[in-house]
Amino acid sequence: MENAIITVEHLVKQFGKHKAVDDVSLQIRKGSICGLIGPNGAGKTTLMKMLGGLVMPDSGKITIFGKESENDLAHERSRMSFIIETPYAKQGMSAKENLTKQCYQKGIPDLSRVDEVLSIVGLGDTGKKSVKNFSLGMRQRLGIAGALLSRPEVMVLDEPVNGLDPEGIVEVRDLITKLNHDQDITVIISSHILAELSHLCTDYIFINNGQIKQCIEAEQLRAMCQENYHIHTDNDPLAVAVLQEKLGIKDISVDKDGSLRIHERLDEKRLISETLYQNGLVPLILEITEADLEQYYMKLVGENNVEHRKISELHDKT
Amino acid sequence: MWNIVRSLNYTIKHDIYSYIMVLLGLIIAVSSIVTMFSDSGGETLTGSLAVGYWGTFIAVFCFMLPAFVTTRICGYDFNDKTVNYEVLYGQKRSAVFFSRIILSYIYNIILFAVIAIAPLAVLTLMNGWGHSISMSEALFHFVLSLMVLIRYTTFIACLTFLARSSWIGLAAGYLMMIFEMLPLFVMELMNLGFELTWQLSIPNAMKIMDFSNTAMGFVDGKDITIYKAALDSSVVTGTVLAAVIETVLLLICSYVLFRKRDID
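Keeping their order, the protein sequence lines are chains B and H.
Terminal number for the first sequence in the working numbering: 318, no gaps in between.
Terminal number for the second sequence in the working numbering: 264, no gaps in between.
Hints may be right or wrong, so weigh each one.
[As the list claims (entries may be wrong)] In silico DSSO-like links for lysine-lysine, alpha-carbon gap of 27 Å or less:
no., chain 1, residue 1, chain 2, residue 2
1, B, Lys61, B, Lys17
2, B, Lys128, H, Lys81
3, H, Lys13, B, Lys90
4, H, Lys92, B, Lys90
5, H, Lys81, B, Lys132
6, B, Lys19, H, Lys81
7, B, Lys132, H, Lys13
8, B, Lys96, H, Lys92
9, H, Lys81, B, Lys129
10, H, Lys92, B, Lys67
11, B, Lys96, H, Lys13
12, H, Lys92, B, Lys61
13, B, Lys61, H, Lys260
14, H, Lys92, B, Lys30
Hints listed in this document are in silico derivations from the structure and should not be mistaken for laboratory results.
Excised from the complex, chain H in its bound form (with noise of 0.2 Å):
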């Protein structure tokens, strides 16, 4: 299996199509910053502010790009037959199947970095890490959403592998996301009182994420915005499990589908 993903990181690193996605996700991380320097107001932006300034679009940009990124590490390979060809080589079905899988995470994860942590970490060293929501807290929400965001990775790369086609799952996958937030509109929109949490990936990254809840606060000598970010032990739970059971269940099926699979 480390060798598929050995000679996947060399193809990524030949792969024009990777710089463009770093370039875009520094690009995006960067017009960041000067958008939350801008929408600040008089407020010191400290790390702890821009968590809840970026929140909503973390929920949202960091599954977008993870998408292409995943379609393209888990379908691509079939137009050109690298998936044949590693077969051919003796390497097992799940090798083939699980390098992938866990490129995909790992490449995520990296991106989900880059584009939802270094802003913050570049504005905690210029002003501090500040008091609107404390550390530990911050960190509990990019952990769920980490976690939300392996359970839509997986889900893409199921559907990549089923469809064996990057054009495929990634429609499929921008279609999901429209899909997902459909419900949102439509609840909010009629009042339902009902609220989707841990049951749909975007709904739920965006509760995870979701910082509108403020007070205001004084502390050393300064009013300072102070998020109450608070998340409802049923919607931890239900993050969780969700994340895990999803996962496991789409990895079984899809993997027991390719498995028996002729692939051609």
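Chain B with its partners taken away, still in its complex shape (with noise of 0.2 Å):
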């Protein structure tokens, strides 16, 4: 990737017995809003760390703008901001203190840019309440802030929207949105939040245990989130059977619900529909549909182990 501004190789983490990180390779575009998607105890926040040289890589390489050693990584950091786990706050000082602070501890010399970037999130009218006072929403607000006033070329945002209400979602979502097209800043955002990332992001790069499953494009996963055929009976497991062994359908994929989705010859609904018919199940529902982010993930990541033995188990049944 040409206009790759952080490239991670190989890179491995183990803490005791556990892999937090497990030989990840990826690289993130310049200026693009790139999303970190998995569940919990994937490995995002440690590879977040890692960037930020909290955590020490067991082996393996990471570039930050074309730099790999220790020190010219440190440099290199003073380009980018990072929330990570919990906003940086003092509790017992008020906004214009804490990012007052923060000037000083990133050698910023003009302390103006403080009231700038509190008017950018909205808490310029806070004045000498303590941090310790906040609402959650304004304590993601604050660790925006900070993470503005140097002015950064990257942003790496560790959940940033977590224990926010709606409107606030949608403020933290528009704004990232504003800092990306107006200043060319690049966004690594991790959320598990799926529906809101996928009115942000340009890239996705999805990991569980440790590992990698896909980087991929927005435009991409548009086009993989294809159409499906789904399908709901009285007999949810049997009508698996009966498309498996009478028509040959293998690209069967299984809702929480039980319905079932299936990603092949989608040309061919009214055979499906009149097969399922003819060996006495009763269609519920019948819909061509489109897969969204959530669905796309289950599948890919979190719920794939689940989706064979649910599969499985429905072969039991019948």
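Put the two chains together into one complex; each comes in its own frame, and the hints tell you how they fit.
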């Protein structure tokens, strides 16, 4: 990838017997909003901590803005901003005092930047109110304000909308989009709220059990989230068996509610519905739909084992 | 590194704990002057006479408050992820480590000056320095004490960095103080004939600031107490070498460990 600003090659990190990051390689494009998606314990935060220098990899290489050595990486991180796990703030200080302190920490001489970023995130009127009296949404916004202080080229955000109400989620999402469009800031964002990422990201990285499952651009993902035939009958387990044995259809996934999705032979809808009917099954739902990000994610990362088990369980029941 | 020092100073100025420590230091200094006046009997309380009264107190008390200060500077910022974010901001780990060590030294030297030297300066202004001990010799004792303070500060700081907790650092520091003072009592009780001088920090400081060996002199028509406070060359050499070697070794080992460990 020509315009990659961050490259990770064969990164490994083990904590005791647990491999948190297992031979991870990826690249982040300049100007992208990259969603890092995976279940709890997938390795997202560990990966972000390794990018940030908090956690040392056991092996592998990280390149940021073309630099590899630990000394150079420390310098290049000053061009980035991170919010990992919780946003940083001294509880006993006000928003302005916190950001002034961060200006000193980052070596930012112009303290007027503090008022500028506070107004960007909508915290300009908090006055002397201590951060300990802030709501969760306000603390998240303060964290983003701190991340903006140094005019970063890259922002790494670990679940920045966690705990926010829907209004707060929309505010943060719009802010990230605006920063990416107006200031060309590259964003790496992890989240469990997949629906929100689908409105935001230009690239996706799916990770599970410490391994990268897929790196894909949004456009490609939209093509992959193809049409499918959504079926729900009065006996879905039997329907699976019938479709597999009578029609040889293999690409079937099972939703949480037990209904089926067929991803092949979509031009044979009539044959499929007739076959089901001829085998005594009553179709309750028969529709062509497109998979959304959550379904794609569940299929790729989260629920593969559960799906296979469910199909075998369905076979046992029939 | 100096960015971190500036930001730490900014936090210290906005931390009520800092003002409590300053107030405590001033209370100790003022109450010590009052105590010394009441203990001096008929003798004029000059600056040099107060050195003897104040000596052992300095040796112990000047280590208790610096433990608070050091653990606050070196350990507290692990609780709220300040250290984490300094690394994320692109600060090198050496800057994160040594900025806090240097600031601990600076603040503890200031605290030492407030508690140990300020009362003597006030008394000197009021009653003059006197003849109980020469100023140069008193200064020599204080400089050696400072070296021991730096040694002790380094120990507490490194322990706190390794534990990543101001409370563990403080608890360990106070336990260490008790541990170091215990041999003194045991040796005195059992009359072992062996004296701890430079081997441990607290006994080292107590030895340096021990002015119990006195004689009476007659100067300007008055009886005065004269301190026989000359230190054995082995004590001086041991103090300096122990301070330098222990400080350097502790700093190197702690930094190497801090540099390699994950910060979670």
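Comparing the hints with the structure gives:
The hinted pair formed by Lys61(B) and Lys17(B) meets the criterion: a straight-line CA distance of about 22 Å does not exceed 27 Å. For a cut-off of 27 Å, the pair hint linking Lys128(B) to Lys81(H) stands: about 22 Å separates their Cα positions. A C-alpha spacing of about 13 Å is found between Lys13(H) and Lys90(B), which places the hinted pair at or below 27 Å, so the restraint holds. Between Lys92(H) and Lys90(B) the alpha-carbon distance is near 21 Å, which keeps this suggested pair within the 27 Å criterion.
Restraint check for Lys81(H) and Lys132(B): the C-alpha separation of about 15 Å stays at or below 27 Å, so the hint holds. In summary, the hint linking Lys19(B) to Lys81(H) is supported, as the alpha carbons are separated by about 24 Å, within the 27 Å threshold. Note on Lys132(B) and Lys13(H): the hinted pairing holds, with a Cα-Cα distance of about 18 Å set against a maximum of 27 Å. Between Lys96(B) and Lys92(H), the direct Cα distance comes to roughly 26 Å. Compliance with the 27 Å bound is thereby established for this hinted pair.
Simply put, Lys81(H) and Lys129(B) have alpha-carbon atoms about 21 Å apart, close enough for the 27 Å limit, and the pair holds. Distance restraint check for Lys92(H) and Lys67(B): the Cα-Cα separation of roughly 15 Å lies within the 27 Å cut-off, and the hinted pair is therefore satisfied. For the given pair, Lys96(B) sits about 15 Å from Lys13(H) by alpha-carbon distance, which is consistent with the 27 Å threshold. At roughly 18 Å between alpha-carbon atoms, Lys92(H) and Lys61(B) fall within 27 Å of each other, so this suggested pair holds.
Using a Cα cut-off of 27 Å, the hinted pair Lys61(B) and Lys260(H) holds, with the two alpha carbons roughly 16 Å apart. Between Lys92(H) and Lys30(B) the CA atoms are separated by roughly 25 Å; this keeps the pair inside 27 Å, and the hint holds.
Against the hints set out earlier in the document, no violation occurs for any number.
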